[in-house]
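Sequence order for the protein chains is A and B. Just so you know, this note's numbering puts 91 at position 91 of the first sequence, and the rest follows in order with no gaps. Just so you know, this note's numbering puts 180 at position 180 of the second sequence, and the rest follows in order with no gaps.
Bear in mind the hints are in silico, worked out from the structure with no lab data behind them.
Capping the alpha-carbon separation at 25 Å, the derived lysine to any residue pairs in SDA-like fashion look like this:
#: 1; chain 1: A; residue 1: Lys100; chain 2: B; residue 2: Gly92
#: 2; chain 1: B; residue 1: Lys177; chain 2: A; residue 2: Glu74
#: 3; chain 1: A; residue 1: Lys147; chain 2: A; residue 2: Leu159
#: 4; chain 1: B; residue 1: Lys32; chain 2: B; residue 2: Trp107
#: 5; chain 1: A; residue 1: Lys100; chain 2: B; residue 2: Asp211
#: 6; chain 1: B; residue 1: Lys177; chain 2: A; residue 2: Met88
#: 7; chain 1: B; residue 1: Lys177; chain 2: A; residue 2: Ala104
#: 8; chain 1: B; residue 1: Lys174; chain 2: B; residue 2: Asp222
#: 9; chain 1: A; residue 1: Lys177; chain 2: A; residue 2: Asp215
#: 10; chain 1: B; residue 1: Lys174; chain 2: A; residue 2: Pro168
#: 11; chain 1: B; residue 1: Lys241; chain 2: B; residue 2: Asp211
#: 12; chain 1: A; residue 1: Lys174; chain 2: B; residue 2: Val109
#: 13; chain 1: A; residue 1: Lys3; chain 2: A; residue 2: Asp39
#: 14; chain 1: A; residue 1: Lys100; chain 2: B; residue 2: Arg112
#: 15; chain 1: A; residue 1: Lys203; chain 2: A; residue 2: Ala132
#: 16; chain 1: A; residue 1: Lys34; chain 2: A; residue 2: Asp65
#: 17; chain 1: A; residue 1: Lys177; chain 2: B; residue 2: Arg108
#: 18; chain 1: B; residue 1: Lys3; chain 2: B; residue 2: Trp68
#: 19; chain 1: B; residue 1: Lys174; chain 2: A; residue 2: Tyr78
#: 20; chain 1: B; residue 1: Lys100; chain 2: A; residue 2: Arg112
#: 21; chain 1: B; residue 1: Lys100; chain 2: A; residue 2: Val163
#: 22; chain 1: A; residue 1: Lys174; chain 2: B; residue 2: Lys100
#: 23; chain 1: A; residue 1: Lys100; chain 2: B; residue 2: Arg108
#: 24; chain 1: B; residue 1: Lys70; chain 2: B; residue 2: Ile48
#: 25; chain 1: A; residue 1: Lys174; chain 2: A; residue 2: Pro212
#: 26; chain 1: B; residue 1: Lys100; chain 2: A; residue 2: Arg214
#: 27; chain 1: A; residue 1: Lys177; chain 2: A; residue 2: Phe221
#: 28; chain 1: A; residue 1: Lys32; chain 2: B; residue 2: Gly92
#: 29; chain 1: B; residue 1: Lys177; chain 2: B; residue 2: Ala104
#: 30; chain 1: A; residue 1: Lys100; chain 2: B; residue 2: Gly175
#: 31; chain 1: B; residue 1: Lys70; chain 2: B; residue 2: Ala15
Beyond 12 Å from chain A on every Cβ pair, some chain B residues (computed):
#: 32; residue: Ala15
#: 33; residue: Lys34
#: 34; residue: Gly43
#: 35; residue: Lys70
#: 36; residue: Glu74
#: 37; residue: Phe115
#: 38; residue: Gly116
#: 39; residue: Val134
#: 40; residue: Leu148
No residue lacks a Cβ here, since even glycine has one placed at the ideal position from N, Cα and C.
What follows is each chain in one-letter form.
Number of protein chains: 2
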Amino acid sequence: MAKNNTITLYDLQLASGCTISPFVWATKYALKHKGFDIDIVPGGFTGIMERTNGFSDRVPVIVDDGKWVKDSWEIAEYLDATYPDRPMLFSGDSMKVLLKFLDAWLWRVAIRPWFGCYILDYHDLSHAHDQAYVRESRETMFLQGRKLEAVQEGREERLPLVVPELEPFRELLKGTKWLGGNAPNYADYRCLAVFLWTASVAKIPPLHADDPLRDWIDRGFDLFGGLGRHPGMHNLFGLPKPDLKAAAE
Amino acid sequence: MAKNNTITLYDLQLASGCTISPFVWATKYALKHKGFDIDIVPGGFTGIMERTNGFSDRVPVIVDDGKWVKDSWEIAEYLDATYPDRPMLFSGDSMKVLLKFLDAWLWRVAIRPWFGCYILDYHDLSHAHDQAYVRESRETMFLQGRKLEAVQEGREERLPLVVPELEPFRELLKGTKWLGGNAPNYADYRCLAVFLWTASVAKIPPLHADDPLRDWIDRGFDLFGGLGRHPGMHNLFGLPKPDLKAAAE
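Just chain A, same shape as in the assembly:
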């Protein structure tokens, strides 16, 4: 049982102290959903293995009264299995399976293109001591050796192309207050994490000011006393609309 109702969470932060990792975001929300206080261990992209005493080279990692657990899905499952008397994150295996489909869809449709639109911001907002690692690892692992600057360039033309792709997600949220039904659960936190990640790095907004997703996103960021409202976060809404008059001329 968590001592003093507190669980330790190893974070992944930008220089502002704002969480960047979508997986850590999902875990933060999961811990609050279960009613725990969070003892944050701050840190950036480098030195994770050292910070966690050799337990993991990736975060999130939690420590619950001496028990170490890693991986955001495993942490969520651990929390439900260990604390079934507290509000549940999942409602059965089927929900988990179906959530994985939606999560993967959001990664393809949103994170993949936005990654290329914000990768230099992502680098620039990192701790100074992380930037060499962020550049080298991202250029090598994800960008086939292309420079961050070259990948991000031209994003003003690419960002509007992502907006209509999110239409099926808007349709889904038309029919329900939360992905959890009447109250949020891990389905909401997992999907909010996509937008929390984006808000952590997006120096220019990816979505229009009147995007219907805004209602769910704003309610999600406001949960647990404004958990998603760190001052380091950027505004997701305000992408200019195409100038229809100019286009018609």
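On the provided structure of chain A, position chain B as indicated by the hints.
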């Protein structure tokens, strides 16, 4: 309580007696999952209002000991609410929300293109007395007045384009035996209904013989004593692979 453990189901059939409607298919599976025997009221596309004594112009419709219920989602919800002591179709609201996302995705990615590839088969397999209605309603409601023959033409070139689009669904099924987890539930039946509809109308197969979806589809068609194995069903597997040697020449 269902008399003699039997619930009446108004069907939507082709001339072979095979169910065509994906919504009726999902309801058939739901009734069997709940352990009921089904008393089928046969019928095709026309005369539904008359058959159901003015209750509905669409099927599925069920009658449970005098209680009439329509709409496949509402029927599934009715069955869980009325018979909570029998195996559940849903595990909470969140599963329902997430299933609607996957269901809508399968309609966009699979049924929408396949509809255009099989619409003349669909017509030709209907009861003779339904064919004028099927042609007129489909050409008017869905095809902007185009002829069924013109819409279906060229499907040999279009069918291979659908195959790779199903990759995210294959990925999902790699990680789980059923969409319900260890056992099937309404998530499986709802998604199987897409392939059951297709098998009812597909005179040529839409999927390759070695498609990894085949395992889940075959297990699903075999459920409840081979509920999906009506002799009027067509083989889904056997779409020719592109001739790589010829293409390279």
